[in-house]
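Enquirer: Make a model of the complete structure from these sequences and hints.
Going by the working numbering, the first residue of the sequence shown is number 8, and it counts up by one from there.
Think of the hints as simulated: they come from the structure by calculation, not from any bench. Nothing here was measured: the structure is a model prediction, and the numbers come from that model. Backbone N, C-alpha and C define an ideal beta-carbon position, used for all residues, glycine too. Since no wrong hints were added, every one of them can be taken at face value.
Ranges of calculated distance between the beta carbons of each label pair, as one might list FRET restraints:
| no. | residue 1 | residue 2 | range |
| --- | --- | --- | --- |
| 1 | Lys81 | Glu48 | 35 to 45 Å |
| 2 | Trp58 | Gly79 | 25 to 35 Å |
| 3 | Leu43 | Thr91 | 16 to 26 Å |
| 4 | Trp84 | Ser45 | 33 to 43 Å |
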Amino acid sequence: MENPIDNNFNTNNLPAQVSVWTKIRNFLCQDIELNLTSMQEKVFQEVHDFWHQEITGESVHNFLFKPVTGEGFKNFWLKEIEITGDIEL
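Expert: Have a look at this one:
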């Protein structure tokens, strides 16, 4: 007696060649391996945390309606900048 499950699969309709779209999809969706330095991992984690932070109505309100004082304005514009690294002008 034949197995009824085998009769449900018809392989005659399968394409004989791989289509262009399948080749593009296989190329774009292939697995990649990244080797990151510890600094790069830290930056990627900070970006991930920024994009996945919880945003609430209260946090938006606090950001938009932050009290502006003369001291805060002065600290923002007259902040001391520390330059690190080998920067040549």
